[in-house]
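K.L.:
Residues per chain, in single letters:
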Amino acid sequence: MSSAIDRRLTLLLLALLPVLAWSTDNNFHKSILVFGVVNAISAVGLCLMLGLAGQISLGQAAFFGIGAYVTGNLVTKLGVEPVLAIVAAALGAMVLGWAISRPLSRLHDHYLAMATLAFGTVMYIGFANARDWTGGLDPGMSVPKFTVFGHDTSSMNALFVVSWIALALAVFVANNIFGHRIGRTLRALKMSSPAAASVGIDVVQAKAFVFAIGALLTGLAGGLYAFVARSFNAGVFGVGYSIELLMMVVIGSLSRVSGAITGAFIITVLPILFDRFEDYRTLVFGVTMVLIMKFMPTGLVDGLFSLGARLLPSGRRE
Amino acid sequence: MLATRDVSKAFGGLKALSTVSVQIAPGAITAIIGPNGAGKTTLMNAISGFVAPDVGDITVNGASIAGRRPHEVCRKGVARTFQNLQMFSEMTVLEAVATGRHLHRRVPIYAELLMLPAAWRAERAALADARELLALIEVGESYWERRAGDLPYGYQRRVEIARALATEPAYLLLDEPAAGLNDEETAALGRTLGQLAARGLGIALIEHDIELVMSVSQQVFVMDTGAVISSGTPDEVRADPAVVRAYLGDAHAA
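Order-wise, the sequence lines are chains V and C.
For the first sequence, counting from 1, position 33 maps to 33 in our numbering; every step adds exactly one.
For the second sequence, counting from 1, position 58 maps to 58 in our numbering; every step adds exactly one.
Among these hints, one or two may not hold up.
[As the list claims (entries may be wrong)] Sample of chain V residues facing chain C (criterion: CB under 10 Å; computed from the structure):
(1) Ser23
(2) Phe172
(3) Gly179
(4) Arg184
(5) Ala188
(6) Met191
(7) Pro194
(8) Ala195
(9) Ala196
(10) Val199
(11) Gly200
(12) Asp202
Derived from the structure by calculation, the hints contain no laboratory data.
Using N, Cα and C, we set each Cβ at its ideal position, and we do this for glycine too.
Chain V on its own, in the form it takes in the complex (with noise of 0.2 Å):
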């Protein structure tokens, strides 16, 4: 499947979402989409840490944190206007990805996945115990409504587009990088090290942009984050949050943007979906993701085109 497949699809999931958010008036069904959008942001960026240039990284909720607490912090404490607190943040947290790439650039794969986890995990522990900025587990932290110049723009559907404007840009940004110059650095990274430095690319480098801009995006995410939930506390940027990323991105299609968008949307949708089995909700949960990761290896996305690729024409040779 062509790039320009996955880019078509992209844009389709992009539109599709404002006619979702405007064909219900119910806030509890805007927020789950809003949550959807902010996760998929979050995707996006691990989508272009590991599938396109096989970068581990189960440290992505500490990004998330600092989008979160760093919004947070200026806005309550100096007031800064809201959308300047969330770009700051997003920086702030790209300053971060780009710092810590550096000492784990000799590792790969398991190793790197242990380093990271490590990272997230101090992270963690991190926003639980600095209280004067985090609020910690109890009583967590409290983020006014969101804003725009003054004017209350908190209300689901503002921040529906506030949210879909920020992803729109994360795709625009990730579609340029997959097919030209950054994109064939990245899989060069991935595919054969040795051959990527002999023809003058800076390993070291370009491990360090894809972690910059892997917590750029997930940072961004964490911004919104804050205002759309309004109250939070550090349990959220866990060791979970991490891993459910890395399931967005591997349910969807490790290899495409479409496929983090698709994945993010699943894994935010489904456990609400399953709410109705109760007491067995994890179990459903788990037994579906085990079920599409046994007969759909490379992810939702891949696996239905291929499934319709096989259907189509054998329907028509009937």
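Following the hints, complete the assembly by docking chain C onto the known chain V.
P.N.:
For chain C alone, kept in the frame of chain V given last:
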């Protein structure tokens, strides 16, 4: 001139290179031959920055590159291919070669992220250059959009050479480019190398195929157990008893 001067390298107790001095001239093919374990690949890794020499110097036109990292060596105009293919398997052939063109791309990162017109222009130019190189190296157009890892072995070797050439090197190091090629492909490779040298490229050829070496190279260095034991034109080297001894053992010398 690309030159090593008294380069030595030991891995633990094993002396892989001892005081090796070779010169690779521009516009010519210089072969480096020797039995297995002679240190040829280690020498190539030392020149291209994958292994740092313990002592000795490596210079490109007088400027030292010893101990530089691989991407820095490439930026100094020394490109290489690999004995065991290091292909960007999941890319198309065209993309794999275009990746070699990044080195000379002067488009700021924000323009690449936003795909501003400058980035589109550079992208089109890179793909056009890649097509030109693939044509030069005789990889047919029908292969260009195929997954690089799916190509026949001989074609992947050529794509590796095209990728290395895309960095516009002054010197090209080829590590056993004829390994796994049939006679016809080997002959075609020899012709291509001759054409490249005629354009001014300095080629270092590590090769087991003695016929290819003797027919295309102007200068030959023979290595054995980490040291250069003979050098000269192909005919001089062929007549050197030390070379015969290294390849066939003492009984055949004389």
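K.L.:
Does each hint fit the structure? Answer for all of them.
P.N.:
Results of checking the hints against the structure:
A least Cβ separation of about 33 Å between V/Ser23 and chain C goes past the 10 Å threshold, and the interface hint is therefore violated. Taken as an interface hint, V/Phe172 checks out: its beta carbon lies about 8 Å from the nearest beta carbon of chain C, inside 10 Å. Checking V/Gly179 against chain C by beta carbon gives a least distance of about 9 Å; that is within 10 Å, so the hint holds. Taking 10 Å as the C-beta contact cut-off toward chain C, the hint placing V/Arg184 at the interface holds, the least distance being around 5 Å.
Hint status for V/Ala188: holds, given a least beta-carbon distance of 5 Å to chain C, under 10 Å. Against a cut-off of 10 Å between C-beta atoms, the interface hint on V/Met191 holds, since the closest Cβ of chain C lies about 5 Å away. Restraint check, V/Pro194 versus chain C: the minimum CB separation of about 5 Å is within 10 Å; hint holds. Because the beta carbon of V/Ala195 sits about 4 Å from the nearest beta carbon in chain C, less than 10 Å, this interface hint is met.
With its C-beta approaching chain C no nearer than about 8 Å, V/Ala196 sits inside the 10 Å limit, and its interface hint holds. Below 10 Å, beta-carbon pairs count as interface contacts, and V/Val199 has one with chain C at about 4 Å; its hint therefore holds. Taking 10 Å as the C-beta contact cut-off toward chain C, the hint placing V/Gly200 at the interface holds, the least distance being around 4 Å. For V/Asp202, the interface hint holds, the least distance from its beta-carbon to any beta-carbon of chain C being 5 Å, beneath 10 Å.
Violation of the numbered hints given earlier is confined to hint 1; every other hint is satisfied by the structure.
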